[in-house]
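Q: Each chain is listed here by its residues.
2 protein chains.
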Amino acid sequence: MKLVDKPVTNFLDELASNAPAPGGGSVAALSGALGAALVSMVCNLTLGKKAYADVQDEISDLLAESEALREQLTGLLEEDVKAYTGYSKAAKMPRGTAEEKAERQVVMQAALKVATDVPLSIAETAVKVMDLCMPAAEKGNKWAVSDAGVAVLMAEAALRSAALNVLINLGTLKDKEFVADRRAKLDALLEGKGTMRDEIYDYVASKL
Amino acid sequence: MKLVDKPVTNFLDELASNAPAPGGGSVAALSGALGAALVSMVCNLTLGKKAYADVQDEISDLLAESEALREQLTGLLEEDVKAYTGYSKAAKMPRGTAEEKAERQVVMQAALKVATDVPLSIAETAVKVMDLCMPAAEKGNKWAVSDAGVAVLMAEAALRSAALNVLINLGTLKDKEFVADRRAKLDALLEGKGTMRDEIYDYVASKL
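As given, the protein sequences belong to chains A and B, one line each in that order. Residues in the first sequence are numbered consecutively from 8, following the numbering used here. Residues in the second sequence are numbered consecutively from 8, following the numbering used here.
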């Protein structure tokens, strides 16, 4: 059964338990999906409303984007659990002989690369959600402006949460080129996003 | 049916729809519950582990607190929806005669006070979750330190999201004493929490 098919309360119970997955990576993806869903909500509360007749096309495009990102993020939530399971399996491989030890190392390093790239994709997708929040706040139904504000808070928390999950895996990876490449990608994604969050939050708060 | 008894994917679908609830207030409560659940996870991965023998009592207390806060926050998620429903009902009251108009005003203002105090409680509870994150990061299982980091990101996003929902209701309340009181309470809750988030995030990142 997919994690997202479980009741919210069971998801929380499994998260709180000592089971290794779901963990912070899944929460990052869920947080991003919550942000995307809130952008969609703002759009759905704007579409078909006379007072917003001049922004219908724009809002329609925004909705298509937020829904696509939401789908990607719920998919990434499952992928994060799979990546963790892959790594756990690798860690349990026999390491009695030097040959076994070497093989385990290779499989573990490959699994760690997957476990790095999934949260990196979550981070990339979360940034795309953040990009939709200011247009949603500015053009969307003014009664839902606080929801656009919550959307950016959730998307930025998703980005930063994903970043921690990228970093924890980069710390144990031995392929220096891979590490440098992914660290550079992560730094580029994080750049200026705290400021962006504050700007959208302040804009929303100024409208309340 | 309670919102938290619905599958995660249905929760997201309802959030994205043009139905007024769930909205940003419910997401604030859920975000706080996700933070609390992650603190619990760190504790559960620490309890019974020999390497952490000297912090077992402390971690046990931490877990009791995080689980209590998680329960409060899932309860507040439902209360937020109820508060919104209460306000919607009030808004639909007849306003044909001057008497009806006056009665509707009274009921609406009372409903708005409830709709303000629920997110204020979410904000208060989210701050209590934030308070558990540094102890969890410092004392808990070091393999779960990134989860303590994600916990503070979710709890702080919960606080700020709840704040926006307090502010949107304060804007339409006429009882100036109530507004001043709740605004002061909210300001006190927000004070320094951005810095606190950054400090815990930086501490966690330094351990990865």
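No wet-lab data here; the hints were simulated from the structure. Please note: incorrect hints may appear among the correct ones.
Claimed, not checked - Pulled a few chain B residues facing chain A out of the computed Cβ check, cut under 10 Å:
1. L10
2. L41
3. A58
4. D61
For glycine and all other residues, C-beta sits at the position ideal for the given N, C-alpha and C.
Q: Output the numbers, in ascending order, of every earlier hint that fails for this structure.
A: Violated hints (numbers, rising): 3 and 4; every other hint is consistent with the structure.
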